[in-house]
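Undergrad: Each chain, written out:
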Amino acid sequence: MDREEKRKIILDNYNDDINRKEISSSDYIKVNSRNFSCIDNIDLYIKFNNNIIDDIKFNGEACVIAISSTSLLIKYLIGKSVEEALNIISNYENMIDGLSYDQSIIKDLIAFDDIGKQPSRKICATLASRKIKELLEKSV
Amino acid sequence: MHREDFEMLNNNIVYFDNGATTFKPKLVVNAINDYYTKYTANAHRGDYKNSLLVNEKYDEARQKVANFINAESSSEIVFTSGATHSLNFVVFNYFKKILKKGDEVLTTLSEHASNLLPWFVLEKEIGIKVKYIELNEDYEVTLENVEKAINNNTRVIALAHITNVIGDIRPIKDICVLAHRRDIKVVVDAAQSIAHTKVDVRDLDVDFLAFSAHKMYGPTGIGVLYGKYSLLEEMEPLFYGGGMNAIYSKDGYIELMEIPTRFEAGTQNIEGVIGLSAAIDYINKIGISNISKYEEELRDYLIKKLKELDFIEIYNISDSNINVAFNIKNVFSQDTAIYLDKYNICIRAGNHCSKVLNEVISVNNTCRISLSFYNTKDEIDLLINVLKNSKNLYKEIL
Numbered sequence: 000m001d002r003e004e005k006r007k008i009i010l011d012n013y014n015d016d017i018n019r020k021e022i023s024s025s026d027y028i029k030v031n032s033r034n035f036s037c038i039d040n041i042d043l044y045i046k047f048n049n050n051i052i053d054d055i056k057f058n059g060e061a062c063v064i065a066i067s068s069t070s071l072l073i074k075y076l077i078g079k080s081v082e083e084a085l086n087i088i089s090n091y092e093n094m095i096d097g098l099s100y101d102q103s104i105i106k107d108l109i110a111f112d113d114i115g116k117q118p119s120r121k122i123c124a125t126l127a128s129r130k131i132k133e134l135l136e137k138s139v
Numbered sequence: 000m001h002r003e004d005f006e007m008l009n010n011n012i013v014y015f016d017n018g019a020t021t022f023k024p025k026l027v028v029n030a031i032n033d034y035y036t037k038y039t040a041n042a043h044r045g046d047y048k049n050s051l052l053v054n055e056k057y058d059e060a061r062q063k064v065a066n067f068i069n070a071e072s073s074s075e076i077v078f079t080s081g082a083t084h085s086l087n088f089v090v091f092n093y094f095k096k097i098l099k100k101g102d103e104v105l106t107t108l109s110e111h112a113s114n115l116l117p118w119f120v121l122e123k124e125i126g127i128k129v130k131y132i133e134l135n136e137d138y139e140v141t142l143e144n145v146e147k148a149i150n151n152n153t154r155v156i157a158l159a160h161i162t163n164v165i166g167d168i169r170p171i172k173d174i175c176v177l178a179h180r181r182d183i184k185v186v187v188d189a190a191q192s193i194a195h196t197k198v199d200v201r202d203l204d205v206d207f208l209a210f211s212a213h214k215m216y217g218p219t220g221i222g223v224l225y226g227k228y229s230l231l232e233e234m235e236p237l238f239y240g241g242g243m244n245a246i247y248s249k250d251g252y253i254e255l256m257e258i259p260t261r262f263e264a265g266t267q268n269i270e271g272v273i274g275l276s277a278a279i280d281y282i283n284k285i286g287i288s289n290i291s292k293y294e295e296e297l298r299d300y301l302i303k304k305l306k307e308l309d310f311i312e313i314y315n316i317s318d319s320n321i322n323v324a325f326n327i328k329n330v331f332s333q334d335t336a337i338y339l340d341k342y343n344i345c346i347r348a349g350n351h352c353s354k355v356l357n358e359v360i361s362v363n364n365t366c367r368i369s370l371s372f373y374n375t376k377d378e379i380d381l382l383i384n385v386l387k388n389s390k391n392l393y394k395e396i397l
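Listed in order, the protein sequences are those of chains A and B.
When we follow numbering that gives the first Met the number 0, the leftmost residue of the first sequence carries the number 0, and every step to the right adds one.
When we follow numbering that gives the first Met the number 0, the leftmost residue of the second sequence carries the number 0, and every step to the right adds one.
Only chain B is shown next, with the shape it has when bound in the complex (with noise of 0.2 Å):
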């Protein structure tokens, strides 16, 4: 649906990499062109017309992001380049600070890279120990396997709400009572859930949570971190010069600006925060659960139809997102990819950013589906007939 508001989708091609960025719509494209063309300043306090435009502009795109996640306020959201720098800034500038040796982080080892590799560090730098949730037979997230996991040393849950392989949806908001009882941090990286299904940080009651904007319909280098007020005002800035600071003077003194604009030194990536801005407006327009709902449908179909081809393999068939992962019967994945390219049909092949997760599903690679809500049925009938006719694959590829 709402296909005619991608240019993208002129150019002849079944785009299934919704997972890795999405394509933008023009409205997105067109606000980005306007701050462009028509009122390029820096964000100022209103020195001028233009510049209080951006501010405000700024601004409001805060408060939007504050309501599209549903946030107690503006003041909790802060503007970074992306989940990785969100989940980077919080690990560091945060539980850096708070943790001690022996101090245990719980995830999954079907997560993304960067909700692991900043918690590999703090593990060589302060001591503290990574473990593991067991994931259940479908590669899952159970609250059992988290109340087991979790002992008198746990101090943060660090996990996506939707993973970028398998794709489950994880119990968040259980988890969040589970931890919260135990006085257990839990910072959600829902890069993946974010443009699909509705984000609730008051509902979930989750402590930190990361998303980027070009995996929901906006612009590439701008994301949000989400941190509960409380938590905010004991982090210090990690960047120090223009545009954070109230007051400084000559003896080294520094008066912070107010949370949350203290963590956003120097001139900020404008054009990406008011193109996630336009993108959250489209999404609004058209529903969340409208997009879940479709993207759902579509899901179950592309399911049914992998499933009457004997020749392949589908590694996530229970989950119910957008990623299908799969491979053809002893056909290296990307052979397969580089296969669907030639029809002109984008996905991803590999490990996916999650090179732990071979040691729980016993595949190094594979190949990913992961759709949209600008999918048709007509394009899954097309991945279909090709995948059908694989046979000539390698004569099509060589």
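Here chain A stands alone, though its shape is the one from the complex (with noise of 0.2 Å):
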């Protein structure tokens, strides 16, 4: 994938605001996620079905690629099981730090490849990833 493909799943998922929403529903859990060390503050709200992710939201203000990344990753964790989640978000996060992934699984999140090559920015690409891999572990 070329830089202009990734800038563009970048910048689609950043404007896509389809799971951009403050929910008060109750059917949610709601979780923070903030880098205190930047600006980036998003709340969001899981709803499950069992072992299954049933729906996921997000709102707040962040960086680009925080808000690219969740928007992108959350598309792909709805819908599925815990495990299949946290397993995405496992290959999402080693893609991150430089280790071994599987392609396949996070699909375009590939876009993010070159945010672990600037340490600073790994925690805007993991902002939604470390809270939801944090609730989805617990519910294991």
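Hints are computed from structural coordinates only; laboratory data are not their basis.
Mixed in with the good hints there might be a few duds.
Okay, derived cross-link-like pairs now, DSSO-like style, lysine-lysine, Cα gap no bigger than 27 Å in a straight line [as the list claims (entries may be wrong)]:
#1 K116(A) with K100(B)
#2 K376(B) with K7(A)
#3 K116(A) with K29(A)
#4 K328(B) with K20(A)
#5 K121(A) with K130(B)
#6 K387(B) with K56(A)
#7 K5(A) with K341(B)
#8 K37(B) with K7(A)
#9 K328(B) with K121(A)
#10 K5(A) with K387(B)
#11 K121(A) with K95(B)
#12 K390(B) with K121(A)
#13 K7(A) with K387(B)
#14 K116(A) with K394(B)
Part of the chain B face toward chain A, derived, beta carbon under 10 Å [claimed, not checked]:
#15 A112
#16 L116
#17 D334
#18 N363
#19 N364
#20 Y393
Cβ atoms here follow ideal geometry from the backbone N, Cα and C, with glycine treated the same way.
Take the two lone chains, each set in its own frame, and fit them into one complex as the hints suggest.
TA: Here it is, written out as structure tokens:
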């Protein structure tokens, strides 16, 4: 994937607000994720149906990398079982950390593979994944 | 102006983050270097030539600070690690002892964390109440609103002289008149004003004033607490040890050194004090009124140029100081900062340690440009050009 394609994926997902809304329903579990060293700050709303992630929405303010990675990641997580979701996150975070990963699992998230080369921006690219992982691990 | 004095400016960067910290002129760097290469010693009272020299430099620095802010005497100058230390020292070492449950402290929603959080802690610890003076539509403090906020329980007004985001200059002198008529103490955070405008503690008649050296061309880790002598006399030391005691004996008797030495236990930040002293010499050489005048001219130019860009939102047009808070419309402030950094333009993005200000200006994060006299109109022109090309912003940062 060349730089232009990656950029397009990042921007398309940055601008795609299909899952970007505040939720007040008690069916959703709300968690906040923020980066204290910068100013990224989002709320995540996650709805489970037994072992399946029924829905995820998010809202807040953050940089293009944080918003876009959140937007794309949750598209992949919706409808998955907790184990499947953890597997996607694990592969994604491995890519960010420069470790081995399965590209077929993280699909377009590969657009963020350069981010790991900028240590200060790893926290942006994992703003959502860190928190969702934490929540999913608790529910396993 | 005076760009040749700053070696950092040879590194091909445009530095617009002077509200966070300033660059250091050679004079300051050399003064610190001299201390470490020509006369390193602790500040004793003259056991040998170098220690005497260090002692003289230390006392001379205190006098220079006193003259710089027009304190009545150098005894009113306590060296600290910075404005945060100074403010915490005053809150926990003075006000905690004299305030009681129900007493009120007036402040505002645009203060820096260091002049809010210590008061929040006192609220929990001893039951004082922190109240906010209402800001006007330009987010400024007016005398009328201060008057409106004062009641019979008000004991302290704690404000920045100039705030670090909006940057409005508060009418401190008038506020002190109002406060002192009702026996209210005034604590002023001068961190953002000290290098940019004349700060005269006697003219303002403040009770306590805090600032840091590193925002006034001096080194980090050194700052000042000014207190009226009569108030410092009411204070006990926070730390005990060497340097602050005159005599002590095995039965626990301690006789303290004079004020303010009794507040400076242990070996002090000598290089910091020497650096601060040099920074004051440097500012005096240029003249604070020349600095103010030139910086105001720069800010007017910056505002004029930014206003020509219809995709820029400016949050503090009406104020006349070094700070300009803005955003590119629909772009997250940090993305703007990262974009500008590609052109070696350093600005700050975020909430600038004023995390409750968003309740007033309804925008959480802004880009902040804070100017210094070493900035130029050419640098502003470069910034404007880069902003003009910001339709490619994402292309450049992704």
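Undergrad: Is the hinted pair K390(B) and K121(A) satisfied, with a Cα-Cα distance of at most 27 Å?
TA: holds, 25 Å
Undergrad: CA of K328(B) to CA of K121(A), is that 27 Å or under?
TA: Between K328(B) and K121(A) the Cα gap is close to 26 Å, so the pair holds against 27 Å.
Undergrad: Would the hint linking K121(A) and K130(B) be met if the CA-CA limit is 27 Å?
TA: violated, 40 Å
Undergrad: Regarding the hint that D334(B) lies at the interface with chain A, is the smallest CB-CB distance below 10 Å?
TA: holds, 5 Å
Undergrad: Does K376(B) pair with K7(A) here, judged by a C-alpha cut-off of 27 Å?
TA: Roughly 36 Å separates the two Cα atoms, so the pair is violated.
Undergrad: Sort out whether K29(A) lies within 27 Å of K116(A), counting only the CA atoms.
TA: violated, 31 Å
Undergrad: Please verify that hint: Y393(B), Cβ, nearest Cβ of chain A, below 10 Å or not.
TA: holds, 6 Å
Undergrad: Holds or violated: are the alpha carbons of K121(A) and K95(B) at most 27 Å from each other?
TA: Violated, at roughly 43 Å.
Undergrad: Would the hint on A112(B) be counted as holding, given a Cβ-Cβ threshold of 10 Å to chain A?
TA: violated, 13 Å
Undergrad: Check whether the Cα positions of K7(A) and K387(B) lie no farther apart than 27 Å.
TA: holds, 22 Å
Undergrad: Hint check: is the beta carbon of N364(B) less than 10 Å from a beta carbon of chain A?
TA: holds, 5 Å
Undergrad: With a cut-off of 27 Å on the C-alpha distance, tell me whether K387(B) and K56(A) pass.
TA: violated, 34 Å
Of the hints listed earlier, those the structure fails to meet are numbers 1, 2, 3, 5, 6, 8, 11, 15 and 16, in rising order.
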